[in-house]
Each structure stands twice: as structure tokens, then as C-alpha cells.
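There are 2 protein chains.
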Amino acid sequence: MALEIERKFLVKTQAWRDYAGAGVSYAQGYLTREPGRSVRVRVAGEQGFLTIKSKTEGISRQEYEYPIPLAEAWELLTSLCYQPVIEKTRYRIPQGPLVWEVDEFWGLNQGLILAEVELDDASQVIELPAWIGLEVSQDPRYFNAYLSQHPYSQWPLEP
Amino acid sequence: MALEIERKFLVKTQAWRDYAGAGVSYAQGYLTREPGRSVRVRVAGEQGFLTIKSKTEGISRQEYEYPIPLAEAWELLTSLCYQPVIEKTRYRIPQGPLVWEVDEFWGLNQGLILAEVELDDASQVIELPAWIGLEVSQDPRYFNAYLSQHPYSQWPLEP
Numbered sequence: 001m002a003l004e005i006e007r008k009f010l011v012k013t014q015a016w017r018d019y020a021g022a023g024v025s026y027a028q029g030y031l032t033r034e035p036g037r038s039v040r041v042r043v044a045g046e047q048g049f050l051t052i053k054s055k056t057e058g059i060s061r062q063e064y065e066y067p068i069p070l071a072e073a074w075e076l077l078t079s080l081c082y083q084p085v086i087e088k089t090r091y092r093i094p095q096g097p098l099v100w101e102v103d104e105f106w107g108l109n110q111g112l113i114l115a116e117v118e119l120d121d122a123s124q125v126i127e128l129p130a131w132i133g134l135e136v137s138q139d140p141r142y143f144n145a146y147l148s149q150h151p152y153s154q155w156p157l158e159p
Numbered sequence: 001m002a003l004e005i006e007r008k009f010l011v012k013t014q015a016w017r018d019y020a021g022a023g024v025s026y027a028q029g030y031l032t033r034e035p036g037r038s039v040r041v042r043v044a045g046e047q048g049f050l051t052i053k054s055k056t057e058g059i060s061r062q063e064y065e066y067p068i069p070l071a072e073a074w075e076l077l078t079s080l081c082y083q084p085v086i087e088k089t090r091y092r093i094p095q096g097p098l099v100w101e102v103d104e105f106w107g108l109n110q111g112l113i114l115a116e117v118e119l120d121d122a123s124q125v126i127e128l129p130a131w132i133g134l135e136v137s138q139d140p141r142y143f144n145a146y147l148s149q150h151p152y153s154q155w156p157l158e159p
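Chains as they are written, first to last, in my numbering: chain H, 1 to 159; chain A, 1 to 159.
By construction, these hints were calculated from the structure, which means they are not laboratory data. Heads up, some of the hints might be wrong.
Same chains, same label: a pair holds when it works inside one copy or across any pair of copies.
Below 20 Å or equal to it, Euclidean Cα-Cα: the simulated EDC-like pairs (lysine to aspartate or glutamate) are [stated by the list, open to error]: (1) Lys53 to Glu34; (2) Lys55 to Glu72; (3) Lys12 to Glu158; (4) Lys53 to Glu65; (5) Lys53 to Asp18; (6) Lys55 to Glu34.
Please build the complete structure, drawing on both the sequences and the hints.
Written as C-alpha cells, this is what we have:
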């Protein structure tokens, strides 16, 4: 088991693209919509994964990840996961000891771009790049499991 | 993906014990209680497994099974699976080309004994040992996922 400690932000400019190399295509879906834990199937490039996460406490959660055959990951995504599946391109942007992961969403979540950074401990001080916007680490609307049920393109306009 | 085709029976005598070797201890729990698919964590002897099954159609369903480390399987069982976890001893009884698996349940399901046999196709003709009782293949009360929520010892008495 790994402890995943992660902070998540919106981006406020497109300047991150200057630092991003080639992205990797991700497709991911969920086998459960119950509270308390999530079971995710992911295709990242040419590799499949099955990932179990506990519910988030603060910015931390338990994570168990297992590689699975690519063909079986696609079968699970298309036949057993809740639809729609989330599609995004993930870009990795190294910054000193950290790696920012910028997710550009497609499909029903097109228009949404999120930047995440994984930390060693919850109190770690990090330097925010100029293109980083509002922190949304604890806003459940930006959880991928939520986005798969309530795609970004269908969110009500903010008042 | 494997297609699991299975028939399940009650036992009507204890004669199966004459043919059963040493049993293997199983503990298993579920990460989801939603209809349509199940995500099971199992410890079988000294090996952990993560298994995803589709809903049953007749006596068949899709099954995806992945070995996982024993310690992680126990963590998932105790911290993320719905409680109580199912405990049983599984005995294998070869009969010609078939293998009967007899599950003797413990804990809150103590008193229940089920015999299963896996088939190559749904129409396969099988010879039933004399100790085999009522077929319950399509009775959802005998699904392990159901037993984890409604343990056998708490079933209402039949009228």
C-alpha cells in the first residue's frame, strides 16, 4: 500500500504548455460509485492498471495499484465500468524535486485542465509555478470519480 | 477475461468428507455492493487475489482475476472491504474430469456448506455425486456477495 498525498490546482494560463513534453493518453473508468473507496480501471499509454483508493482524508489516501494486461483493461473499461469513461492527456512537467502532472481532459470533460503534484508529506512546502491557479485539492467536484458522473461540460454556470 | 460457468448445490449428507483432502482457508470480502459487477478481495491459503466479475447471466459470468501480495490482500480485507468478511474452508474433490469444490463456511455463515463445479459450457452434462442436494445455481441468496451482507446464521427460518 502506498499513501497518496496530492495537491490539485486549476491552471490560470496556458504557459505550462511551454514546459510540457509529449503527453500520454489516459482512459479511465470506475467499477464502483459507492462512498468510502474507489476501484479504478486505467489505460495509460500502452499499460493497463487496476487501482483501489480509500476515501480522501484531507489530501491523503491509501492507494493500491496493480498492472493488468492492456486488452483486459479495455474490456473492463468498455463492458464493466460506469460510462462515460474519462479521457485525458497527461503531461509531466519536472520542477526541481517535484513533478507536476497536468491533465487536459477530452470528451464530456473537454475544457477542464488540472495540475497535480504528489508530495512526500502533507505539510511539504512547495513552490507554485506562475501558471498555477486556484487550489482545488479538497473540492470533490474535481475528483475524477465525480467527473465521470458529472462531466465538466455539464456543470451549471457559477452564479 | 475468463468466462466462468458454474453450478452450485447444497449438500444433503456429510459423505463428501470421505473424499475431501486437507482444506484451504479462504477469507474474502467485497469492495462494492452495487449491482452489475463485483470486486472481490480474496486470501486463499497464502495467496491474495483481486477478482472482478460481471453480473451473472444464467450460470455464466465474465471473470478477471489478478494475484496480489498477501499482505495487501489482508489490508484491503480489513480496512477497505465491507464487513463482515466471509470465512470458509475450501475442499477440492476430483470426480472424473470435474473438480467439485466444497465450501464449508465459518463465522456468521457457519452451518452453510456449498458444493460448486465449474463447467466448460453451460449445457455440459454432469454426474451428480450421491451427497449432492438441491441445486441453487440461480438463487442469489447463495452468492458469496449476498452472504457477506446477509449471513446465513441470520436468515429467517423457512415457513
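Which hints, by number, does the structure contradict? Going through the list in order, the structure violates hint 5 alone and respects the others.
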